[in-house]
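**Student:** Starting from the structure of chain A, add chain B where the hints point.
One-letter residues, chain by chain:
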Amino acid sequence: MIWIAIRMLTGDGQKFYGLVFGIAFSTLLITQQLTIFVNLIERGASSVYNVPTADVWVMDEVSRTTDVNYPMASTALDRVRSVPGVEWAVPHLRAGASVRSGDGDLEGVSIVGVDDATLIGLPLRMVTGSADVLSQPDSVIIDDVGVARLFEDGRSPIEERLELNDQRAVIRAVADAIPSFTSQVTLYTKYSQALRYVPGTRNRLSFVLVGASPGVTAGELATRIEAATGLRARTRDQFARDGVDFIIQNTGIPLNFGITVALGFIVGVAIVGLTFSLFIRDNIKQFGALKAIGVTNAKIGRMVAAQAGLVGLIGYGLGVVGTVLFIWSFSANPTFKGFYIPWQIPLISLVAVALILALTGWLALRNVLRTEPASVFR
Amino acid sequence: MVIDWRNLSISRQILPAIAVIGLVIAALFIFSGLPDRALAEPEREPARAPADLANKARVAGSGVVEPSSELIQVGSAVSGLVTDVRVDPGDRVLAGQVLFVVDDRIARSILREADAAIVQARAAISEARSARTTAARQLALYRSVDDPAAVSRAEVIRAEGEASAANERLRLAQAQLQAAQARAASARTEIDRLVVRAPIAGEILTVNIRKGEFVSTQGGGNAQAFIEMGQTQPLHVRIDIDEEQAPRVALGKPATVSPRGAAERQVRANFVRAEPLVVPKRSLTNSAAERVDVRVLQVIYELPASDGLFRVGQQVDAYIPAGSAAK
Chain A
1 MIWIAIRMLT GDGQKFYGLV FGIAFSTLLI TQQLTIFVNL IERGASSVYN VPTADVWVMD
61 EVSRTTDVNY PMASTALDRV RSVPGVEWAV PHLRAGASVR SGDGDLEGVS IVGVDDATLI
121 GLPLRMVTGS ADVLSQPDSV IIDDVGVARL FEDGRSPIEE RLELNDQRAV IRAVADAIPS
181 FTSQVTLYTK YSQALRYVPG TRNRLSFVLV GASPGVTAGE LATRIEAATG LRARTRDQFA
241 RDGVDFIIQN TGIPLNFGIT VALGFIVGVA IVGLTFSLFI RDNIKQFGAL KAIGVTNAKI
301 GRMVAAQAGL VGLIGYGLGV VGTVLFIWSF SANPTFKGFY IPWQIPLISL VAVALILALT
361 GWLALRNVLR TEPASVFR
Chain B
1 MVIDWRNLSI SRQILPAIAV IGLVIAALFI FSGLPDRALA EPEREPARAP ADLANKARVA
61 GSGVVEPSSE LIQVGSAVSG LVTDVRVDPG DRVLAGQVLF VVDDRIARSI LREADAAIVQ
121 ARAAISEARS ARTTAARQLA LYRSVDDPAA VSRAEVIRAE GEASAANERL RLAQAQLQAA
181 QARAASARTE IDRLVVRAPI AGEILTVNIR KGEFVSTQGG GNAQAFIEMG QTQPLHVRID
241 IDEEQAPRVA LGKPATVSPR GAAERQVRAN FVRAEPLVVP KRSLTNSAAE RVDVRVLQVI
301 YELPASDGLF RVGQQVDAYI PAGSAAK
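Residue numbers (this note's numbering), protein chains in the order written: chain A, 1 to 378; chain B, 1 to 327.
Derived by calculation from the structure, the hints in this document are not laboratory data. Hints are not guaranteed to be accurate.
Stretch by stretch, here's where chain A covers chain B in the computed footprint (C-beta under 8 Å, at least three residues) [as the list claims (entries may be wrong)]: (1) 29-35; (2) 44-50; (3) 170-180; (4) 188-198; (5) 259-269.
Don't be surprised by glycine CBs; every beta carbon is placed ideally from N, CA and C.
Here chain B stands alone, though its shape is the one from the complex:
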């Protein structure tokens, strides 16, 4: 068939051509318009099971990093104004190092009072001693006189009385000294109690008091701890394991732990202990009305030293091998 351009037929040539071209374009449109439903790899690395557990029985848990001493919320034995804070967050302290000092003016004035009383008591003692000496010599003088007519009986009795009174005064003064000393000692103890010291060696994690603030011995409520510290070398991690999974955990085996947000950096953590008490899961949703009926076994692992990868309070994901008996 030769196409005769002068005698081109709409129905015999143009329409079929349009139909064919239209079909080709439609096919292209249809195949280019098909939705892309291919599976994609996640852009950011999610927490994955370590290679050696990938296809083995295992238990997964999530947990929180804590100091190996657990978190110590340092309290104050007495209430009062803070006059000095000697540590900053991040400081490493030794056991007994001063953390902060509470206003000690009252205790110091009591101490000064007691010191003055000591001086006073000492003076009273020496005064009593000299009085006793005088009285003793007077009595001895009267006693050495042989002539009964020279000294009246009454004189002697008075001298004897003075001597014994001087003795009593000395004892009184000594007792007063002891009392004053005791008062001074208790004032010193009080002053000592106003200085809050680190209970153990460790790292200061938070400092929630500043100079001039009032610390109270009354905790509770929403009160923040004044200073939180703990031993961060090494760090521990407390892994929550669903009670349903708890029997499967191979206790004693090391766990693989990775922090949230850096799932590709996995570390091996050695087993420390499992808490004997199964507790309700603490969900970190910050809702006051939160109620839970999921209970978890808490297992504690020791994290290896890692510069800044893990921080206290951080959430982690962990994989633990399951026991051989459990399937």
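Isolated chain A, as found in the complex:
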């Protein structure tokens, strides 16, 4: 009986492909736009996730994100170290600066100063070179997006000289880092070196990165640090969330992407709903005949559900594959570096597809259920 339903569905090629296209298109639109949206706003958290070792970030009370920060006095480090449950704490500097490249161009960069002794605060992986190059004088490590921005002609950045605050900086390695929201060039260097590269204000220490002792959770430790020092302490996830929230609050991105996703849903409902209703209406005689030979309403419901399920499976599959192909084909582009499809998003679009099909199927089915077997003779 289900097989008859499937044959009925695929019998009319035009309508079948229309249905599949409708579902595939709205799946693609919803999945792809949600993916880009999530990745885009997660750029606000990339600076936090680029530091693989810190459980807790400590900052001045008024600091909001990695880029919107207010430096503290240098003794804040010792105050944080004094808190029980702090396994280790190291200084971390983040500030903006202007760099003059070898060919005289001006480029805004963010300088990240990592602890001199332990190099805590560097990204986990390097594309070229290793973190040890920082022990050489005047060394900086550039991030791979920075290479694309500063060296557009494709030459190797290694051993290139830059000028920062009248000081010499030599690029000696390239870090594998997720770019920030603004895709600014990021230069990593030692804390003591960063102090020279960043034009001076009295207080320079932007963050203190903290590792928690075994047995102390990051959240508990953050609360303890806040109570003991009066500074603002955020766990890694909280601080990443802060960066995302900052973008949500200060840009129109969520609204724009929300509109696109809603459009995808509406287009899906419109196309699929119309086609499905037409299809059912065309086949209303067949349903009537089935009813006449004693097929129950429940069985007919199942038949329509099977039709919707097949259309949904093919359409959804193609839509998701389309999104995967999109992300995969752009993965080499530095603008899309680090883009991924969060596993929740295909589930969300699956729910959306199910909703579209349930809604349109139910609308179409209403007519069938009301059909009397006699209609076949009319």
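**Tutor:** Below, chain B alone, put in the same frame as chain A:
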């Protein structure tokens, strides 16, 4: 349902199969592409609180290693050219050992002059003595003559005058000798001052002068110390503690100290004293325009003997137990 290959339907069989395979591949892609956000342990050992303080009230500070005598910047009492440097960095010296010598030619010529003057004064003394003897004998001869007609009164007066003049000349010559001796002594003192000696026993840490350079008594400005030395057995460490944390420090308790870059090698350092004066924190950023409003209490601890782990001027991290009253 048997698959009939001759009658394979695109819409009924191939498309669903493509969709399912596509979904599986997509799922693999999605799960392999999820970002790695696991926390990692730091590759190099950061400074950690010692095990016995890990979950107790404590105060952390950073500081600099210094000699137990503090750093002595040896100066020169006189200015001049350096003619000899007798020590090298790293030498251990005793109190009073010669460090360097300043050009002493002028002082030596003054000494020679004074010595010559001594000889001259001595000669003058013996000359005056013989003159006095002659005069005394002449006078005695005249006095022994009883016949007043034999010696005129005038002769006697002249002889008396000569005798007393000879006495005066002797005294003058003696005074000249004393003056010359005093001059020689002061020249010797000057020569001695041109030799710069170690004020205490200790280790030479830097030598910033070389033969032929000019040392000046005028310090100040960016002038480097000529020689820096200090007692490095034992070493001390001067820990800066934020004034806000200062009341919590348990003074008298030993501290756990580790050098920067070798945080896993922690040592126990015994309390020496706390400086009575709270001073502005010296930040080691080398910026001339640096201004600070953070004040720190400086607490001094004695480092145990450790072969080369700690060196003078090195930065260290320290953990000190907090007082029991403080929370």
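**Student:** Taking the earlier hints as the rules, which of them does this structure contradict?
**Tutor:** 3, 4
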